[in-house]
Amino acid sequence: KQEVTQIPAALSVPEGENLVLNCSFTDSAIYNLQWFRQDPGKGLTSLLLIQSSQREQTSGRLNASLDKSSGRSTLYIAASQPGDSATYLCAVGLHGHNNDMRFGAGTRLTVKP
Amino acid sequence: NAGVTQTPKFQVLKTGQSMTLQCAQDMNHEYMSWYRQDPGMGLRLIHYSVGAGITDQGEVPNGYNVSRSTTEDFPLRLLSAAPSQTSVYFCASLSSGQGADTQYFGPGTRLTVL
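Taken in order, these protein sequences are the chains called U and S.
Just so we're aligned, residue 3 is where the first sequence starts under the numbering used here, counting upward by one.
Just so we're aligned, residue 67 is where the second sequence starts under the numbering used here, counting upward by one.
A portion of the hints provided could be inaccurate.
[Stated by the list, open to error] Pair by pair, the computed Cβ-Cβ distance ranges are:
(1) U:THR47 - S:ILE120: 24 to 30 Å
(2) U:SER71 - S:GLN123: 26 to 32 Å
(3) S:SER146 - U:LYS3: 23 to 29 Å
(4) S:GLY117 - U:PRO16: 44 to 50 Å
(5) U:ARG57 - S:VAL78: 31 to 37 Å
(6) U:GLU17 - S:GLU138: 40 to 46 Å
(7) U:PRO84 - S:ASN131: 41 to 47 Å
(8) U:ARG57 - S:LYS80: 48 to 54 Å
(9) S:MET85 - U:GLU5: 28 to 34 Å
(10) U:ILE9 - S:VAL78: 32 to 38 Å
(11) U:SER14 - S:THR178: 26 to 32 Å
Honestly, the hints are just simulated from the structure, not real lab data.
Keep in mind it's a predicted model, so treat the numbers as computed, not measured.
Ideal Cβ positions, reconstructed from N, Cα and C, are used throughout, including at glycine.
Start from the sequences and build out the full structure, keeping to the hints where you can.
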């Protein structure tokens, strides 16, 4: 059974710091991996999607990497801003289509001005 | 373009009552899913559909029914609500499921069962 773990559960950093969020999964036979952002009381917004054949994806200040063999992914946020404060969720796509996904519990990030 | 919409935003039920959570998308996506989110547990897949007339069970399907009569709508029915179904419910859709498409999520329905 695929299990997804995110460490740490919560993180507080001062504005301007670079930071890394971690995601690990137990079964390397994934279809893809996505990182989402969730603001309080809101739905999820997709940040980056890495297909199983890819090693990383970048969007602006965000960079996500994928190492299937070790069952790990990281989300790197450069020059953090207070507006980055949110919960970040990692999810792996199973089987042949990625609407069967397993989510981690998330990392709650607070960026202090 | 409204994306994925869900109604209601909030609902309180008594144990044993039934209700339907509505989900609609206007992006002509084939794939739709229902998740529940509980504190400290991330999102768990309840049911999903790969097209009109086709549904399948996810990780936690017990106590829920779904149907998909149109591409746009994917309602979730609670047959006899239980306190264990208190949660936030999210509906999601994506276009082709070919691995390169992201999921779009609705804003969620917060359900409390007393």
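Evaluation of the provided hints:
1. Between THR47 of chain U and ILE120 of chain S the beta carbon distance is about 27 Å. The supplied range of 24 to 30 Å therefore holds.
2. Look at SER71 of chain U against GLN123 of chain S: about 31 Å separates their beta carbons, and that is inside 26 to 32 Å.
3. Remark: the range hint 23 to 29 Å for SER146 of chain S to LYS3 of chain U is upheld by a beta-carbon distance near 28 Å.
4. With their beta carbons about 48 Å apart, GLY117 of chain S and PRO16 of chain U fall inside the hinted range of 44 to 50 Å.
5. The hint said 31 to 37 Å for the Cβ distance between ARG57 of chain U and VAL78 of chain S, and at roughly 47 Å that hint is violated.
6. Between GLU17 of chain U and GLU138 of chain S the C-beta distance comes to about 42 Å, which sits within the given range of 40 to 46 Å.
7. Hint check: PRO84 of chain U to ASN131 of chain S, Cβ distance near 43 Å, so the stated range 41 to 47 Å holds.
8. Checked against the hint of 48 to 54 Å, the pair ARG57 of chain U and LYS80 of chain S passes, with Cβ atoms roughly 51 Å apart.
9. Checked against the hint of 28 to 34 Å, the pair MET85 of chain S and GLU5 of chain U passes, with Cβ atoms roughly 31 Å apart.
10. Between ILE9 of chain U and VAL78 of chain S the beta carbons are some 35 Å apart, a value that agrees with the proposed interval 32 to 38 Å.
11. In this structure the supplied range 26 to 32 Å holds for SER14 of chain U paired with THR178 of chain S, their Cβ-Cβ distance being about 30 Å.
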